[in-house]
Amino acid sequence: MFPEFIEKLAQSVDGENDSHEWTIFTLSTCGWCKKCKQYLNDKNIKYRYVDIDKIDPSEKSKVLAYLRENYKPERISYPFVVCDDKFVVGYDPTKYEKLINQGGN
Amino acid sequence: MDMETTEGMKEYVGMVSQKNSWILNKDQSTFNDLINGLVDNKKSYGYQSCPCRLASGKRDLDRDLICPCDYASDDVKEFGACYCNLYLRLDFYDKFKANYVNIPERRPIEKENAVLDYFNKQL
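Protein chains in written order, with the working numbering: chain A, 1 to 105; chain B, 1001 to 1123.
The following block holds chain A by itself, in its conformation from the complex (with noise of 0.2 Å):
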């Protein structure tokens, strides 16, 4: 699903729910980074992430690159959250459940 330099900065967390695949880009040091973690995990949901202030410089430069050209956010803010070929930037419960249910945003 990414390019291989993503598939090994992202740590799993397991969860019983795996019918998408979510990866979420975030900061260590983010509150609603936090959250937006908990949520994944209160609703037991399998995902991987990337502690993106906590990788080398070199390798933040390629993951930010590969995050706008992909993606093409208007602004690349934290949580940074894909679900399957959807994503959603910023905390948002609301939209989170529409990726659950719906499979999109």
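Be aware that one or more of the hints could be misleading.
[To be verified] Result set (DSS-like, lysine-lysine): computed pairs, CA atoms no more than 25 Å apart in a straight line: (1) K1019/B to K1095/B; (2) K1095/B to K35/A; (3) K1010/B to K62/A; (4) K72/A to K1121/B; (5) K1058/B to K62/A; (6) K1111/B to K72/A; (7) K1010/B to K35/A; (8) K1043/B to K35/A; (9) K1026/B to K37/A; (10) K1097/B to K35/A; (11) K1043/B to K37/A; (12) K54/A to K1058/B; (13) K1043/B to K54/A; (14) K1077/B to K1097/B; (15) K1111/B to K62/A; (16) K37/A to K1097/B; (17) K1019/B to K54/A.
By construction, these hints were calculated from the structure, which means they are not laboratory data.
Got chain A sorted already, so can you dock chain B onto it with the hints?
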């Protein structure tokens, strides 16, 4: 005041909010997460960069993100809260029914691009 400790950082943000006639987020979980993020950034970078934005680690590029960030005043005035929702307008809890508000990024894209350029140079 030792801003590399949670107590010192709480004292600092308390002073900032008082000086600006703001209030602090009353949700203890959110508040503590943000304080811990600020402390981590202070320890990592030497300055309390906004915990909700990606810092470059180079002070000149992050100067506008040092808490309170350059955008906090306008965001609190216009939206009722700063980007992180750490600082809130005095009437926040009377006016907004939700516990938080999503604040659009006010930081100019050029500054974000400068950070990306900086990371690129590390390749």
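To see whether the hints hold, each was checked on the structure:
| no. | hint | verdict |
| --- | --- | --- |
| 1 | K1019/B to K1095/B | 22 Å, holds |
| 2 | K1095/B to K35/A | 23 Å, holds |
| 3 | K1010/B to K62/A | 35 Å, violated |
| 4 | K72/A to K1121/B | 22 Å, holds |
| 5 | K1058/B to K62/A | 19 Å, holds |
| 6 | K1111/B to K72/A | 18 Å, holds |
| 7 | K1010/B to K35/A | 21 Å, holds |
| 8 | K1043/B to K35/A | 23 Å, holds |
| 9 | K1026/B to K37/A | 21 Å, holds |
| 10 | K1097/B to K35/A | 19 Å, holds |
| 11 | K1043/B to K37/A | 24 Å, holds |
| 12 | K54/A to K1058/B | 15 Å, holds |
| 13 | K1043/B to K54/A | 13 Å, holds |
| 14 | K1077/B to K1097/B | 17 Å, holds |
| 15 | K1111/B to K62/A | 18 Å, holds |
| 16 | K37/A to K1097/B | 24 Å, holds |
| 17 | K1019/B to K54/A | 33 Å, violated |
The structure shown violates the earlier hints numbered 3 and 17.
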